[in-house]
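Based on the provided sequences and hints, a complete structural model is requested.
Residue numbers (this note's numbering), protein chains in the order written: chain W, 2 to 311; chain Y, 2 to 311.
Hints were generated in silico from the structure; no laboratory data involved. Note that the structure is predicted; figures quoted are calculated from it, not measured. Careful: at least some of the hints might be erroneous.
One copy or two, either will do: identical chains are not told apart, so a pair holds if it fits within one copy or between any two.
Stated by the list, open to error - List of simulated lysine-lysine pairs, DSS-like, C-alpha gap at most 30 Å:
no.	residue 1	residue 2
1	K256	K288
2	K288	K275
3	K245	K257
4	K279	K303
5	K299	K257
6	K257	K303
7	K279	K257
8	K288	K303
9	K7	K303
2 protein chains.
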Amino acid sequence: MAQTIKQYIEQLHDGNKLALARCITIVENNLVGATEILHSLNSKKNVPIIGITGPPGAGKSTLVNALIETLTKNNSDFKIGIVAIDPTSPFNYGSLLGDRVRMANHFNNPNIFIRSLATRGSLGGLSAKTIEITDVMRASDFDYIIVETVGVGQSEVEIVGLADTTIVVLVPEAGDDVQALKSGIMEIADIFVVNKADRAGANTFLKNIYDLLHSQTKKEWNTTVIKTVASKSEGIDELIESIKKHQSLHLTNHKKYQMIADKVYTLIQSNRMKDISKSILLEHLQKQNINSDFNIYKFAEKYFEEKKSK
Amino acid sequence: MAQTIKQYIEQLHDGNKLALARCITIVENNLVGATEILHSLNSKKNVPIIGITGPPGAGKSTLVNALIETLTKNNSDFKIGIVAIDPTSPFNYGSLLGDRVRMANHFNNPNIFIRSLATRGSLGGLSAKTIEITDVMRASDFDYIIVETVGVGQSEVEIVGLADTTIVVLVPEAGDDVQALKSGIMEIADIFVVNKADRAGANTFLKNIYDLLHSQTKKEWNTTVIKTVASKSEGIDELIESIKKHQSLHLTNHKKYQMIADKVYTLIQSNRMKDISKSILLEHLQKQNINSDFNIYKFAEKYFEEKKSK
Numbered sequence: 002m003a004q005t006i007k008q009y010i011e012q013l014h015d016g017n018k019l020a021l022a023r024c025i026t027i028v029e030n031n032l033v034g035a036t037e038i039l040h041s042l043n044s045k046k047n048v049p050i051i052g053i054t055g056p057p058g059a060g061k062s063t064l065v066n067a068l069i070e071t072l073t074k075n076n077s078d079f080k081i082g083i084v085a086i087d088p089t090s091p092f093n094y095g096s097l098l099g100d101r102v103r104m105a106n107h108f109n110n111p112n113i114f115i116r117s118l119a120t121r122g123s124l125g126g127l128s129a130k131t132i133e134i135t136d137v138m139r140a141s142d143f144d145y146i147i148v149e150t151v152g153v154g155q156s157e158v159e160i161v162g163l164a165d166t167t168i169v170v171l172v173p174e175a176g177d178d179v180q181a182l183k184s185g186i187m188e189i190a191d192i193f194v195v196n197k198a199d200r201a202g203a204n205t206f207l208k209n210i211y212d213l214l215h216s217q218t219k220k221e222w223n224t225t226v227i228k229t230v231a232s233k234s235e236g237i238d239e240l241i242e243s244i245k246k247h248q249s250l251h252l253t254n255h256k257k258y259q260m261i262a263d264k265v266y267t268l269i270q271s272n273r274m275k276d277i278s279k280s281i282l283l284e285h286l287q288k289q290n291i292n293s294d295f296n297i298y299k300f301a302e303k304y305f306e307e308k309k310s311k
Numbered sequence: 002m003a004q005t006i007k008q009y010i011e012q013l014h015d016g017n018k019l020a021l022a023r024c025i026t027i028v029e030n031n032l033v034g035a036t037e038i039l040h041s042l043n044s045k046k047n048v049p050i051i052g053i054t055g056p057p058g059a060g061k062s063t064l065v066n067a068l069i070e071t072l073t074k075n076n077s078d079f080k081i082g083i084v085a086i087d088p089t090s091p092f093n094y095g096s097l098l099g100d101r102v103r104m105a106n107h108f109n110n111p112n113i114f115i116r117s118l119a120t121r122g123s124l125g126g127l128s129a130k131t132i133e134i135t136d137v138m139r140a141s142d143f144d145y146i147i148v149e150t151v152g153v154g155q156s157e158v159e160i161v162g163l164a165d166t167t168i169v170v171l172v173p174e175a176g177d178d179v180q181a182l183k184s185g186i187m188e189i190a191d192i193f194v195v196n197k198a199d200r201a202g203a204n205t206f207l208k209n210i211y212d213l214l215h216s217q218t219k220k221e222w223n224t225t226v227i228k229t230v231a232s233k234s235e236g237i238d239e240l241i242e243s244i245k246k247h248q249s250l251h252l253t254n255h256k257k258y259q260m261i262a263d264k265v266y267t268l269i270q271s272n273r274m275k276d277i278s279k280s281i282l283l284e285h286l287q288k289q290n291i292n293s294d295f296n297i298y299k300f301a302e303k304y305f306e307e308k309k310s311k
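Written as structure tokens, this is what we have:
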């Protein structure tokens with residue numbers, strides 16, 4: 002007999018990885034039982050969520066790989082869940098696959114759970130699905146959950162709302178001037194990793210980062226800068242030390258509430274837009290006569306009103 | 002006597018720049034008259050919108066600067082509107098200001114209109130405000146409108162919904178392997194600009210881009226690659242040629258409808274979320290008792306229902 006949702010939920014909370022995978026699939030695709038699963042989650046579990054972000058090519062996946070290796074080498078019982086957020090893009094599939102292949106040596110380790118998640122590009126930023134799936138992962142028995150996102154920009158700024166510790170990975174080549182640090186990534190980083198630190202120009206780059214950090218106003222936690230060569234596992238021990246140190250700080254109540262508010266906002270937005278999709282809109286538009294009198298603001302208002310009255 | 006909205010709208014459509022600035026301010030801050038202005042816009046005006054995006058430090062602002070210089074040198078009557086989208090970030094203010102200062106020599110040219118727009122980080126991606134303000138600009142008498150966005154990521158992928166021609170600016174240092182091209186920017190580019198092309202490693206980088214482009218399926222327009230050194234105005238003529246060539250293609254009806262659908266989606270989303278803000282949510286949350294039984298999914302549902310029934 003097929004298992005019931007109730008059984009899945011029990012097994013999920015017991016740390017069963019098959020149940021976890023199944024629950025994620027149910028939530029990701031909004032299948033029957035999704036709400037039941039989400040309503041079963043509680044805030045008791047305080048699994049550290051480590052967000053890793055940075056520009057393409059900075060070596061985020063290699064760094065995650067090195068982190069897994071070092072964390073599990075020191076403690077074979079250490080359980081790590083990884084959510085890799087891929088922008089949906091058929092053209093990029095090959096390149097993303099390359100990253101995942103590098104992680105493949107961990108696929109057979111029962112203590113490592115890797116889940117790729119397409120952001121679907123519908124909203125930009127962290128999707129409601131990312132929040133939901135990370136929360137489902139939290140219900141399992143991981144010691145760390147790592148959320149890896151691609152790119153720098155708005156979407157990465159929003160990782161702050163999800164991660165307890167945010168690591169921004171940069172390479173010296175990402176721009177040897179402070180320009181590289183301008184798009185809002187400066188203040189989201191709890192830890193800066195300068196990866197590929199054996200490259201030429203690394204020292205100038207590091208100096209520029211330190212200079213910029215010095216101009217920051219002092220706060221509870223002073224942003225740490227760690228040099229790594231992830232492909233050779235150099236600097237990973239220092240990085241783990243720094244993560245632990247940051248985790249040992251208690252989040253201020255204000256920050257905690259702010260993170261919850263961000264999540265709730267995203268969930269409500271996703272809920273309010275679930276009756277509408279771009280493809281439905283496209284269909285509707287194609288029935289319109291788009292001549293010179295067409296005004297999208299009037300159209301949006303009309304469409305909005307029509308939906309509401311249904 | 003103060004001018005009426007009706008007069009502003011008339012002057013806006015006549016190309017008056019003071020009226021344009023005033024209308025943008027009204028729309029940006031949702032002041033009385035905003036709806037009237039938006040409803041006055043029509044689709045007759047076919048001003049090319051050129052989107053310029055790319056990672057921080059790629060030299061986008063310098064490139065925009067060089068474009069303005071070359072376009073106005075060849076034709077002193079050429080009118081250009083620029084929307085510079087800045088992520089809201091006090092810490093970065095200095096660096097962004099630096100870019101704007103470089104554009105400052107155009108401030109006194111009556112044919113150049115520059116408007117900075119903070120994205121406010123609320124939604125990620127292109128905001129409804131960006132769409133609205135670009136549309137208001139289109140009602141004036143510009144020959145080109147340039148929309149410059151910072152960063153690479155989800156937000157940049159969405160510029161496709163706004164721009165007729167999308168230019169992705171890269172530097173050889175952005176990663177000398179194909180990794181750099183993985184986050185969805187490959188397929189949004191109509192034109193690739195490899196800026197700072199006088200740097201070491203530029204040729205390898207270019208070769209990698211060409212190799213990647215060759216693996217793309219053929220389409221109406223084959224992505225062009227232009228080498229520039231924007232700070233020395235090198236390659237700008239070629240870039241303008243390429244922009245003109247791309248503009249001379251007619252957008253397929255499907256792409257045109259898709260762009261409208263994207264815009265309408267964003268407008269509806271913004272409309273549906275206007276009764277709620279993260280700060281209101283935060284206030285509401287702080288009144289809650291967030292203990293181990295607290296479940297954000299139940300809370301989001303409850304909050305959503307409460308708002309709806311009001």
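Tested hints:
In this homomeric assembly, K256 and K288 come within 30 Å of each other (Cα to Cα) only across copies, at 15 Å, whereas the closest approach inside a single copy is 47 Å. Proximity of K288 to K275 under the C-alpha cut-off of 30 Å is found in both arrangements, the shortest distances being 22 Å within a copy and 28 Å between copies. For the identical chains of this complex, K245 and K257 are intra-copy neighbours only, at 18 Å inside a copy versus 51 Å across copies, given an alpha-carbon limit of 30 Å. In this assembly of identical chains, K279 and K303 lie within 30 Å of each other by CA distance both inside one copy and across copies; the values are 16 Å within and 27 Å between.
For the identical chains of this complex, K299 and K257 are inter-copy neighbours only, at 18 Å across copies versus 40 Å inside a copy, given an alpha-carbon limit of 30 Å. In the homo-oligomer, the alpha carbons of K257 and K303 lie at most 30 Å apart only across protomers (20 Å), although the nearest pairing inside one protomer, at 39 Å, exceeds that limit. In this homomeric assembly, K279 and K257 come within 30 Å of each other (Cα to Cα) only across copies, at 13 Å, whereas the closest approach inside a single copy is 34 Å. Taking CA atoms no more than 30 Å apart as the test, K288 paired with K303 passes inside one copy only; the shortest distance there is 14 Å, against 37 Å between copies.
Proximity of K7 and K303 under a CA criterion of 30 Å is satisfied inter-copy only: 23 Å between copies versus 43 Å inside one chain copy.
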